[in-house]
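Trainee: Given the structure of chain A, go ahead and fit chain B onto it with the hints provided.
As you go down the protein sequences, you meet chains A and B in turn. So the first sequence is numbered by the numbering used here: it starts at -18 and just counts up by one. So the second sequence is numbered by the numbering used here: it starts at 190 and just counts up by one.
One should not assume that every hint holds.
Quick list of the computed label-pair ranges, beta carbon to beta carbon [stated by the list, open to error]:
| no. | chain 1 | residue 1 | chain 2 | residue 2 | range |
| --- | --- | --- | --- | --- | --- |
| 1 | A | Gln66 | B | Leu294 | 28 to 36 Å |
| 2 | A | Glu94 | B | Gly271 | 35 to 43 Å |
| 3 | B | Leu329 | A | Arg(-5) | 49 to 57 Å |
| 4 | A | Arg115 | B | His321 | 58 to 66 Å |
Over the 10 Å line for every Cβ pair with chain A, so calculated as not near, a few chain B residues [what the hints assert, rightly or not]:
| no. | residue |
| --- | --- |
| 5 | Tyr221 |
| 6 | Thr242 |
| 7 | Arg257 |
| 8 | Arg292 |
| 9 | Val299 |
| 10 | Val340 |
| 11 | Phe390 |
| 12 | Ala465 |
Just so you know, these hints were derived from the structure itself, not from any lab. For glycine and all other residues, C-beta sits at the position ideal for the given N, C-alpha and C.
Below are the chains, spelled out letter by letter.
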Amino acid sequence: MSEPLLRLVDVSKRFGDVTAVDGVSLDIAAGEFLTILGASGSGKTTTLRLIAGFEPPTAGQILMNGADIAPLPPYRRDVNTVFQQYALFPHLDVRENVGYGLRMRGVPPPECESRVAEALAMVRLGDLGPRKPRQLSGGQQQRVALARALVNRPQLLLLDEPLGALDLKLRRAMQLELKHLQTRLGITFVYVTHDQEEALTMSDRIALMRSGRIEQLGKPDEIYHRPRTRYVADFIGETNLLGCKVLATAAEVVTLDLNGSVLRAPVGWGASIPAGAVALLSVRPEQLVIGPRGDVGPERNRLDGVVADVVFVGAGSKVHVALGNGTRMVVNWAGDATFAPGIPVSVTWPVEVGVLLRD
Amino acid sequence: MISSQVAARGRVLRLGALLPLAWAVVLLFVPYAFLLVQSFWRVAGGALTPDFTLDNYRRLIGTSLYPRTILYSAETALWVTGFALLLAYPLAYLLAFKARRHRELLYFAVIIPLWVSYVVRAYAWKIILGQHGILNGLLLSLGVIHEPLSVLLYSRWAVVVALTHIYTPFALMPIFAVLESIPPSLREASQDLYAGRWRTFLHVTLPLSLPGVLAGATFAFVLSMGDFLAPQLLGGNDSALMVSNLVWSLFGVAYNWPLGAAVAVVMLGLTLALLALTGAIERRGQTR
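Looking at chain B on its own, in the form it has when it is part of the complex:
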């Protein structure tokens, strides 16, 4: 009686573990596998034709547009990562060590923008940076400029600013988690051994928080490199488009699904390679 109940509970548990797995298989691995397969197809007479051709990859490498856009996207993502870390680290430090009573509230304040729709946040930057936007209005009324600036919006920097805003919380969370897990006695021990606050930070807090920085940087880089809405809304002209916009237009306007799939597969490969690299760095840091 009891053993059959236990067995039944075991079955329920196993089912509970299987559901997310099935979810991942159906909604992630199957589409990715299909994407991979399709990147070897071709378009013949306006129709998708199953095939095994490397033409898509050849075209990808041979046309300067694609490598250039990937590099451009990576560069944009690097800027975003840099700015996000510059904002996230001090903020995480303040949250972890300085904000005693209001810590939960402040953490909440950092996280809450994540609950606002992405499109709304991107549009907010349009309102701020536009021709008749808040920033131009401010600069005009201060007399700094006499004509509204059009370069604010529809440029790489608009994209970088918006992406930084959007992905900074993702960089902050792992940094905060790591900082919070550093035992207070380590910083006390450092002060006990004649290191002031700054040197304690440099020699103890910072090195111990590097795994969090690495995780945060990976989040910010991978997410912003694959972003397509911000460049779409704020990037304006074609030169500010990123690789995801290319994929989107290959699947949409150009109706060249196989080439789009090939670009997506390359991006996926680059991302996985980056994750493997940061994972390896982190593991090395642990065992050393």
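With the rest of the complex left out, here is chain A:
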């Protein structure tokens, strides 16, 4: 990676006794779509506000193109923000809202006008220029907020849960539209959300935050398929977590014991786990196969149980299987066979899809 556009170096923010952001370091490349994902209170919005300049960091550096921008006020940063509730100026019409930044920068009126028209066309609001924000729907307001930021052609666009107030269908459509816009314009996006689906759909990389720290940073499929901790595995998607005892660690495979059943998993992060220790094995419901009891080859793990519940979810079913010791596993099942509660079954999965987690 060449020189990153934005670099956070050990950035912390404390409000009194509360540490909102705790030693975050992060490099963001030019043109990247980076999502900061986290539950409320994880420090994701504060991180964004530090980059925008609304809060000064308590410690650390914020470098943009190599220069520390931490001491600069927001109006001196080449960064624009799309706010959570849009923060459109209620006394200005759509055109005046979108042109605000250009006017403040002293862009001559004719150029200002044409760029505003261009920005409005880009978000497909060309004919709504003379309206006041309160005369627009939520989705339209969202587009105005986007146009108001993008019209300034910032190097970096910050988006704070921009789709949070929209209904599901509109949100899905806007996700794609935003992603296309970002790719087309080549502007770097830092996108804050608590919605893991949104993060997986749109991002080049995801930084999952927890208690002011980055719990894991990676591409969406890495985060999904190779979570490092129980928190990540639990937060992103659905998963089955099995508490096992480590029997032996070989070069590539760890052998585990789950109440007498022997399971195997790729070493991954478990390389340093000593024999006898307890480890968590995570397997996604869609990676599991359910079938009648019977032996499987050495490349698959197998656990026996009894069907406890079958929940229809539209495109298939979720089959809950009760294992002998009281644990349950959830299996996504889209096959033809139907399962009724009480039927003895085997749940199997390929050894390589299991993930060992730190608790």
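Mentor: Same frame as chain A, but now just chain B:
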């Protein structure tokens, strides 16, 4: 059983709503109506005589004293309004945006003079501005003047100063309320869009706070225009008297209740017209 309880509660609620209404009718509308009626009466042989005559209004318009005093009062009220806004706006701004921890305390400090008797506050200015007052004493001891100034007290400016002091909290409260209701994200958005603090104030905060300014100005203007104690105590000579003092003397000394009522009705009409105007401006600002 339950439905009868609900019905009983409904009756209690309706009674609760009716009481303030009855209060307003008996103590406001009836006297105002009576005032209006009486402004068409006349005084005959030292007695109030019911009549329907426009003489009072004719005299009101025809005698230069009355229009002149009304204009004078309006002018004084304008000065008071201007000074009150100049004091109230920065103070409200500081309270709303700068005073983080001590906000309640400071707001309280602004409001607390309202709990002190009006007469006490007016007299306080007498003590400050009088011949042997604090201000003269200060100026004398500083050597700025050698004789106590008599122009400080008993002048229009004494009245303006006292009224400004008294009505500034009334101007401050609506301005503070509006400033406080501006979402912080709007000012942040403005800064995010390259506007510094001053331009953010000019382009976002100030225009959004205008309804509060209008309400505050209306309060200060209407209240000071109708004031009569401050001119009575601090205005001194007749030339500094305001329209309410005229009404008072017409009802009292002159025993010309019908003419007094006519002046009061004109003042009431002017005030209502002003309120309707500011109300219309505010509504236009909302729908625009």
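Trainee: Each hint: holds or not?
Mentor: Going through the hints against the structure:
Checking the proposed 28 to 36 Å range against Gln66(A) and Leu294(B) shows it holds: the Cβ atoms sit about 30 Å from each other. Glu94(A) and Gly271(B) have their C-beta atoms about 38 Å apart, which keeps the hinted 35 to 43 Å range intact. At about 56 Å, the beta-carbon gap between Leu329(B) and Arg(-5)(A) stays in the expected band of 49 to 57 Å. Checking the proposed 58 to 66 Å range against Arg115(A) and His321(B) shows it holds: the Cβ atoms sit about 60 Å from each other.
No beta-carbon of chain A comes within 10 Å of the beta-carbon of Tyr221(B); the shortest separation is about 37 Å. With a closest Cβ-Cβ approach of about 51 Å to chain A, Thr242(B) is found to remain outside the 10 Å limit, as its non-interface label requires. Remark: the non-interface label on Arg257(B) is consistent with the geometry, its nearest Cβ contact in chain A lying 40 Å away (cut-off 10 Å). For Arg292(B), the shortest C-beta to C-beta distance to chain A comes to about 17 Å, beyond the 10 Å cut-off, and the non-interface label holds.
Non-interface call for Val299(B) relative to chain A: holds, since the shortest CB-CB distance, roughly 27 Å, exceeds 10 Å. Distance to chain A confirms Val340(B) as a non-interface residue, since its nearest Cβ pair spans about 45 Å, more than 10 Å. The beta carbon of Phe390(B) sits about 13 Å from the closest Cβ of chain A, which is more than 10 Å, so the claim that it is off the interface holds. The beta carbon of Ala465(B) is kept farther than 10 Å from every beta carbon of chain A, the shortest such distance being approximately 23 Å.
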